[in-house]
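A.B. asks: First to last, the protein sequences are chains A and B.
Counting in this note's numbering, the first sequence runs from 2 upward without gaps.
Counting in this note's numbering, the second sequence runs from 13 upward without gaps.
These are calculated hints, taken from the structure and not from any lab test.
One or more of the hints may lead you astray.
[To be verified] Under the rule of at most 25 Å between Cα atoms (straight-line distance), these lysine-lysine pairs were calculated in the PhoX-like manner:
id : chain 1 : residue 1 : chain 2 : residue 2
1  : B       : Lys144    : A       : Lys83
2  : B       : Lys281    : B       : Lys294
3  : B       : Lys185    : B       : Lys87
4  : A       : Lys12     : B       : Lys28
5  : B       : Lys87     : B       : Lys28
6  : B       : Lys87     : B       : Lys278
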Amino acid sequence: MTFPEDLKYTKEHEWVRIEGDVATIGVTDFAQSELGDIVYVDIDTEGQELAREEVFGTVEAVKTVSDLFMPLSGTVDSINEKLEDAPDLVNSDPYGDGWMVKIKLSDESEIGDLLSAEAYQELVT
Amino acid sequence: MKNTPLLNKHLELGAKMAEFAGYNMPISYAGIKEEHRCVREGVGVFDVSHMGEFIIRGKEALDLIQLVTSNDASKLAIGDAQYSCLPNDKGGIVDDLLVYRLDEDQCSEGERAYMLVVNASNIEKDWDWISKHNRFDTKMINISEQSALLAIQGPKAIEALQSLTEINLSDIKYYTFKKGRFAGLDNVLISATGYTGSGGFELYIKNEDAPALWEAIFEAGKDLGIQPIGLGARDTLRMEMGYCLYGHEIDDTTSPIEAGLSWITKLKKGPFNSSEIFIAQKENGTANKLVGFIMEGRRVPRQGYTLEDAEGNTIGRVTSGTQSPSLDKAIGIGYVPKAFSKSETDIYVNIRDKKYKGQVVKLPFYKAG
Chain A
2 MTFPEDLKYT
12 KEHEWVRIEG
22 DVATIGVTDF
32 AQSELGDIVY
42 VDIDTEGQEL
52 AREEVFGTVE
62 AVKTVSDLFM
72 PLSGTVDSIN
82 EKLEDAPDLV
92 NSDPYGDGWM
102 VKIKLSDESE
112 IGDLLSAEAY
122 QELVT
Chain B
13 MKNTPLLNKH
23 LELGAKMAEF
33 AGYNMPISYA
43 GIKEEHRCVR
53 EGVGVFDVSH
63 MGEFIIRGKE
73 ALDLIQLVTS
83 NDASKLAIGD
93 AQYSCLPNDK
103 GGIVDDLLVY
113 RLDEDQCSEG
123 ERAYMLVVNA
133 SNIEKDWDWI
143 SKHNRFDTKM
153 INISEQSALL
163 AIQGPKAIEA
173 LQSLTEINLS
183 DIKYYTFKKG
193 RFAGLDNVLI
203 SATGYTGSGG
213 FELYIKNEDA
223 PALWEAIFEA
233 GKDLGIQPIG
243 LGARDTLRME
253 MGYCLYGHEI
263 DDTTSPIEAG
273 LSWITKLKKG
283 PFNSSEIFIA
293 QKENGTANKL
303 VGFIMEGRRV
313 PRQGYTLEDA
323 EGNTIGRVTS
333 GTQSPSLDKA
343 IGIGYVPKAF
353 SKSETDIYVN
363 IRDKKYKGQV
373 VKLPFYKAG
């Protein structure tokens, strides 16, 4: 199980990579492991402005289904097209090719509320 | 929470563990899809020691079993097994189970012996229910806590196991069993049954023999790529076959007739619990029927989701659903009115107020070969 230091995390098991006013979002290694084989990532919020904690999509695993929550307020700018044909990238490369959306932040002050790698690791281990 | 005698094996293998029916059980090892494929194409081993076992022995053992179960146990010869259910007295189902007619080595003159294999979640309920009806010259013994059960399933099961016994495994016909020496252990009940649709065996043993048997099986099947399989894949495998799971397709309120279990409900064998109700349902039909359906898109139907017609009227509910690893499609099982139960009928699953189209198909979803 890995917890890259350069990422921020939420207690909903998402990771956030901040680059200027754009954040890339995915689910953590812990989350993909708990979900098991992921078979479909359903995100139909492209272009929408959503508040923090609103649902931006759904991830279907063989055994269960889980909502995806906005870790920060913003506009869904793009979604990872690769997941359409290869949802298992979320399992095999959760912090890389398994990313889910990029959002344009609407309130950068919220970043301070995210968890550090250390704090998140403590939460799940 | 209870453990099976194989807990340490599961932990060593890095299994993902979770509570199921009061037991700490392995849900998956390598991943559900991989384990599923292993059983469909090769051979895999399940620890299903949580299942319950009752011995029913006595001069009137058959009378008790005929009263409490729906199938006709009088057809069983020694060495036969039968799928059956325990109806309650309101036309619902207390549990589904296997009935084995055992040899009579432990019996006195005129006695018969059976073993009932029941769902772990219902052990106590079943025991109480059957006991309540035992007005017969017959003894019941609950051996659940002392018994372990391994299921070795898949097209390569015989090849994987044959070196462990002198009994010719290909002689054991589907739904029969033999008792004998296996992997150096005496009195192993070797049953050609399973819950996967890919063939194989279930081995009933004493708890203390389970770890040695587990190791012997993995050693014997090594070259065939034998793998441990968790309850996650057990569920996807049974769903592809359209097999009922208690608490999903069947429960205290569903009738075996509407659940598609008429074939284990033998109305001519004489009266049994709820037989009058089932005779009426057979004559007049039931309002609903259990069907399988394949989704057009990739959203997965899950237990409890509402089924709708094209106009958005509620017509039923989903009892089970998953992404089928063999079909690579989302599949579901659920109850719908008769009018919607024909193959190729369009039905819709309501997932958070959005409609997703599916089509009724003939079960099983998975056809071997």
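A.B. asks: For each hint, tell me whether it holds in the structure or not.
C.D. replies: Hints versus structure:
1. Proposed proximity of B:Lys144 and A:Lys83 is contradicted: the alpha carbons are some 59 Å apart, above 25 Å.
2. Between B:Lys281 and B:Lys294 the alpha-carbon distance is near 15 Å, which keeps this suggested pair within the 25 Å criterion.
3. Restraint check for B:Lys185 and B:Lys87: satisfied, since their Cα atoms lie roughly 16 Å apart, inside the 25 Å limit.
4. Taken as a hint, the A:Lys12 and B:Lys28 pair is honoured in the structure, with Cα atoms around 21 Å apart against an allowance of 25 Å.
5. With a C-alpha separation of about 42 Å, the suggested pairing of B:Lys87 with B:Lys28 is violated against the 25 Å cut-off.
6. Between B:Lys87 and B:Lys278 the CA atoms are separated by roughly 11 Å; this keeps the pair inside 25 Å, and the hint holds.
Going down the numbered hints, you'll see the structure goes against 1, 5, while the others check out.
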